[in-house]
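Number of protein chains: 2
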Amino acid sequence: MGNQNAKSKQVRSDRGQPARGRKSFWTWGWESDEPTQAQRRETAKHLSQLYGQEVTAPEIPDIESFELRAPRISVPDTLSDVVTTDKSERVIHTYGGHFLELNKAIRGEFEEPPDAVAYPGSEQELEAVLDWCDGKGYAAVPYGGGTTVVNGVSIPGTVDGAVTIDMERFNQVLEIDDVSRAARVQAGIFGPDLESDLRPGGFTLRHFPQSFPWSTLGGWIVTRSGGHYATNHTHIDDFVESIRMITPQGWWESRRLPGSGAGPSPDRMVIGSEGTLGILTEAWMRIQKRPVFRATAGVVFPTWEAAYTATRHIVQAKLWPANLRLLDPAEAGRAAGLDGKQALLIIGFESAELPQGELIKLAVGIARDSGGLISDDEILISDGSGETTGRDGAVGNWRSSFIGVNAGLTNGLGLIGDTFESAVTWDKWPEFDAEIRDKVGKVLKEVIGDAHSLSCRFTHVYTDGPAPYYTFSGMGKKGGQEEQWQAIKNAASEVLISAGGTITHHHAVGRMHAEGWSKQRPDLFETALRATKKSLDPNSILNPGVLFQPD
Amino acid sequence: MGNQNAKSKQVRSDRGQPARGRKSFWTWGWESDEPTQAQRRETAKHLSQLYGQEVTAPEIPDIESFELRAPRISVPDTLSDVVTTDKSERVIHTYGGHFLELNKAIRGEFEEPPDAVAYPGSEQELEAVLDWCDGKGYAAVPYGGGTTVVNGVSIPGTVDGAVTIDMERFNQVLEIDDVSRAARVQAGIFGPDLESDLRPGGFTLRHFPQSFPWSTLGGWIVTRSGGHYATNHTHIDDFVESIRMITPQGWWESRRLPGSGAGPSPDRMVIGSEGTLGILTEAWMRIQKRPVFRATAGVVFPTWEAAYTATRHIVQAKLWPANLRLLDPAEAGRAAGLDGKQALLIIGFESAELPQGELIKLAVGIARDSGGLISDDEILISDGSGETTGRDGAVGNWRSSFIGVNAGLTNGLGLIGDTFESAVTWDKWPEFDAEIRDKVGKVLKEVIGDAHSLSCRFTHVYTDGPAPYYTFSGMGKKGGQEEQWQAIKNAASEVLISAGGTITHHHAVGRMHAEGWSKQRPDLFETALRATKKSLDPNSILNPGVLFQPD
Chain A
0 MGNQNAKSKQ VRSDRGQPAR GRKSFWTWGW ESDEPTQAQR RETAKHLSQL YGQEVTAPEI
60 PDIESFELRA PRISVPDTLS DVVTTDKSER VIHTYGGHFL ELNKAIRGEF EEPPDAVAYP
120 GSEQELEAVL DWCDGKGYAA VPYGGGTTVV NGVSIPGTVD GAVTIDMERF NQVLEIDDVS
180 RAARVQAGIF GPDLESDLRP GGFTLRHFPQ SFPWSTLGGW IVTRSGGHYA TNHTHIDDFV
240 ESIRMITPQG WWESRRLPGS GAGPSPDRMV IGSEGTLGIL TEAWMRIQKR PVFRATAGVV
300 FPTWEAAYTA TRHIVQAKLW PANLRLLDPA EAGRAAGLDG KQALLIIGFE SAELPQGELI
360 KLAVGIARDS GGLISDDEIL ISDGSGETTG RDGAVGNWRS SFIGVNAGLT NGLGLIGDTF
420 ESAVTWDKWP EFDAEIRDKV GKVLKEVIGD AHSLSCRFTH VYTDGPAPYY TFSGMGKKGG
480 QEEQWQAIKN AASEVLISAG GTITHHHAVG RMHAEGWSKQ RPDLFETALR ATKKSLDPNS
540 ILNPGVLFQP D
Chain B
0 MGNQNAKSKQ VRSDRGQPAR GRKSFWTWGW ESDEPTQAQR RETAKHLSQL YGQEVTAPEI
60 PDIESFELRA PRISVPDTLS DVVTTDKSER VIHTYGGHFL ELNKAIRGEF EEPPDAVAYP
120 GSEQELEAVL DWCDGKGYAA VPYGGGTTVV NGVSIPGTVD GAVTIDMERF NQVLEIDDVS
180 RAARVQAGIF GPDLESDLRP GGFTLRHFPQ SFPWSTLGGW IVTRSGGHYA TNHTHIDDFV
240 ESIRMITPQG WWESRRLPGS GAGPSPDRMV IGSEGTLGIL TEAWMRIQKR PVFRATAGVV
300 FPTWEAAYTA TRHIVQAKLW PANLRLLDPA EAGRAAGLDG KQALLIIGFE SAELPQGELI
360 KLAVGIARDS GGLISDDEIL ISDGSGETTG RDGAVGNWRS SFIGVNAGLT NGLGLIGDTF
420 ESAVTWDKWP EFDAEIRDKV GKVLKEVIGD AHSLSCRFTH VYTDGPAPYY TFSGMGKKGG
480 QEEQWQAIKN AASEVLISAG GTITHHHAVG RMHAEGWSKQ RPDLFETALR ATKKSLDPNS
540 ILNPGVLFQP D
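Chains as they are written, first to last, in numbering that gives the first Met the number 0: chain A, 0 to 550; chain B, 0 to 550.
Isolated chain A, as found in the complex:
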């Protein structure tokens, strides 16, 4: 891809290969991110009080203590520097980031570990690994940060051998083209490393999914990651300028172009393919100047209905706020300290170039017209110094609860806590919301009892509809967590589809949503996608079982 730019800077920084210590086998991120046993006991105590039942924090077993199926494959000498069958590596790569997977890890259940883990350090090594898998018919499962919550990196039980291909050594920003505001970036780079390499030039990708510290550019692209921003350009789809990918049939590289109407977009075929068509090594990404002008306002609404109506009016005014995050009364109470009846709309504007004060006043004006409450001095405007806004008050409270999430604290404690997200056109909302709350609420009551929560926020908002994000939790009954979770999940999935939404807005399809997805996409689209896959991956080795079952 290097020959695609005329005069950009070489910025390759040596971050060491691989960069960090060992990944945690039971929570997102690295071992250094793991909470201590004392913290987990504290959380268990808190949950005991909250739910009125005894909750204990099991000890995290030592990774060396696990019994693991022996590798079913042997690594050829030519690949011995790149591919390992080390037990701890196979343990660490067995699961993604869904809480049920992590609970299994804590219980020491690893029914389907990969037989080997590859850490290619160059395109040649990646090609050799893929050739080996293709020749032998081993499943090849691409692995970015392992934060998938949809079983996107699981080894299917249907294969006789599987190699997880961890891309973490592809961790460089290779070039920055500051005239075009684009960067050539390796696919395995983690969010913080990418941002830290862009920062010296004053740039940012400005794409911050909640998994940001532990997930990779390649993962974001193949799962159509949503990013943290609410309107206009926030999806990773919008930032991709070109893609370089290896397939079992060879290399696929699209041309760097700011826009093109030449045939269907090759990149749009790759974006969302979830590792089923190829493995990304690099992409040219559109970057931007770091914002220094900011404005934030937290508008309180007396009712949920008033709040989502205001949100619709603001997005349809096309002001393109960076943030337009709506918390329902339950979330606004829990995360921002409101009274449990009021909803909170967090409006944020950002720009590298332009004062944002006028824009936020216009947005707040629309919010007030729909019954929103905020005093003028609660509208926070930063003057271009780059200072952040919105770190205090209700908005600040919410921000801490969102960004500071430590998934490890409750893992293995018996809590059933999960999220599901969708998008639906405004005409079907609020019936969609009512039905979710009714149907999913009923099942939650059945399987968890009264002590459960179900709440909603909008993570993204479009002129034609919101992207609602639901969170539920409660203590599961001992030993039946999987079944209880499945009953809740089934109810949710059924409503998402029957009420006109998408089975997933930005968590991806993976293996978890394959069935739901089959009910929303044109049947012939699956036909076409299977044909596409067959043409690129004739032996069906790439991430089998994701999106759809192999032929």
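Calculated from the structure, these hints are not laboratory results. None of these values were measured; they are calculated from a predicted model. Certain hints may be false.
Which copy? The list can't say, so a pair holds if one copy fits it or any two copies do.
To be verified - Taking lysine-lysine and the DSS-like style, the derived pairs with C-alpha atoms no more than 25 Å apart in a straight line are:
| id | residue 1 | residue 2 |
| --- | --- | --- |
| 1 | K533 | K103 |
| 2 | K438 | K340 |
| 3 | K360 | K317 |
| 4 | K44 | K103 |
| 5 | K441 | K518 |
| 6 | K444 | K477 |
| 7 | K444 | K44 |
| 8 | K360 | K86 |
| 9 | K488 | K44 |
Could you slot chain B onto chain A? The hints should help.
Relative to the frame of chain A, chain B by itself:
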């Protein structure tokens, strides 16, 4: 598709089937759009003076006078109400809108007419026509407005029978969902009819390609039409909410969704497929309120370089102007009356909700920082009354020359006049521009002589690069127009690819750009697309030769 919305209005209006008189066989639009012979003689006289050579306007022959190959197929009785072999219909549908095609039409050369023309009036009739073609192996060529300038509706010489499927009876806006701001629209509707059906509700699709009066929604979608606006959401791609399409394997219908990260986008596979995968019957389109706040400024720059640098700075500031159209000195002189050395940047802002005065002042400020000249009282701001701006002065002059284009005036007079457009990242611009002017200029001089013009404007601008649009013209040598044009086209296409651009930004691939396109897309993307086509159109009847040659 009707069941996809919960509470939208039924707005089906009866516009008669078919709505208008006969299409012109030698210019865009209908016979009523044709210039008179007197007007054409006047144009010929003008060209004679301009180029110092005798130019005459041939009489337009009567359509009945043409000799046409007899239809190679016979229409079954069951389809006789829908399919015709009428000579004039076959003549009218032989060509798209490229000037060489229209010249051939005026000369009465119709080597490859369709054998029949279908006018399905319902999905059932369309299905029956397609079944018939598929069963017999006839090429099925979808036809919208026939304004293609890339041979997108030509009948290939490789087939034994061909049916052009004219979609003009699919001409209704079926529903408007004013809560979600979306409309269900039939694919064959022409631009003005669509806008006139949306207007009573205060809505607009706000998509105005230069072919707008004579082209259709379905055509825009399958060719990834660019629209008239310069930044942010302007491509038809951004407005598509869902698509309904018939393929030889059956119906394809995507779900109405404001956003989704569930697998690759089915719609993005259809958008840009140029009739090779199926024929669209309907789409849900995102609509918006009609703008009433407007602001316009025409900024003059002493040099081309200062002008495009300013344009880059404005787009990278992410103000998202509706218009950011840059005319090089040649175009600014010809179309806007400037001195031939100065460039003109037309900046426009629009909103249905918000005053645009502050935004345009910010944009003008950036322009002035790069040497742009405009006095404060030349910044035109409309206050919300809905009054237009920019109808006077240099901007007004340019507007008249853009919108008032009457392609018919010069058809058949011997003028070689054409355009080509691309998009390229800023780092490769201005070398890209210099090379176009050098290489294409040389060929223009060789084949046309000194009396030629070559000029550039930006039609769309992205943060990572411009979409330059080149226009050339001059009097061709008698009898050799095709060869002369081809020499110019070859030079242009070669530079577009070698200098890092796209072979087309919004004119589509068609048959004209198939070879150029093959040099810019990943080879494996064509492999995948062929597999996709095979899965949907196993007998390869749909628009063969577009995008790529059939297997």
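The hints, checked one at a time:
1. In the homo-oligomer, the alpha carbons of K533 and K103 never lie at most 25 Å apart, since the shortest distance is 34 Å inside one protomer and 43 Å across protomers.
2. With identical chains, the CA atoms of K438 and K340 are at most 25 Å apart within one copy only, with a shortest distance of 21 Å there and 69 Å across copies.
3. For a Cα distance limit of 25 Å, the shortest separation of K360 from K317 qualifies both inside one copy, at 14 Å, and across copies, at 19 Å.
4. In this assembly of identical chains, the alpha carbons of K44 and K103 lie at most 25 Å apart only when taken from the same copy (22 Å versus 85 Å across copies).
5. For a Cα distance limit of 25 Å, the shortest separation of K441 from K518 inside one copy, 23 Å, qualifies, whereas the shortest one across copies, 57 Å, does not.
6. In this homomeric assembly, K444 and K477 come within 25 Å of each other (Cα to Cα) only inside a single copy, at 16 Å, whereas the closest approach across copies is 84 Å.
7. Taking the closest pair of Cα atoms, K444 and K44 come within 25 Å of each other only inside a single copy of the chain (23 Å); across copies the shortest separation is 85 Å, beyond that limit.
8. Taking the closest pair of Cα atoms, K360 and K86 never come within 25 Å of each other, the shortest separation being 58 Å inside a single copy and 64 Å across copies.
9. Proximity of K488 to K44 under the C-alpha cut-off of 25 Å is found in neither arrangement, the shortest distances being 27 Å within a copy and 76 Å between copies.
Hint check: violations occur at hints 1, 8, 9; the rest are consistent with the structure.
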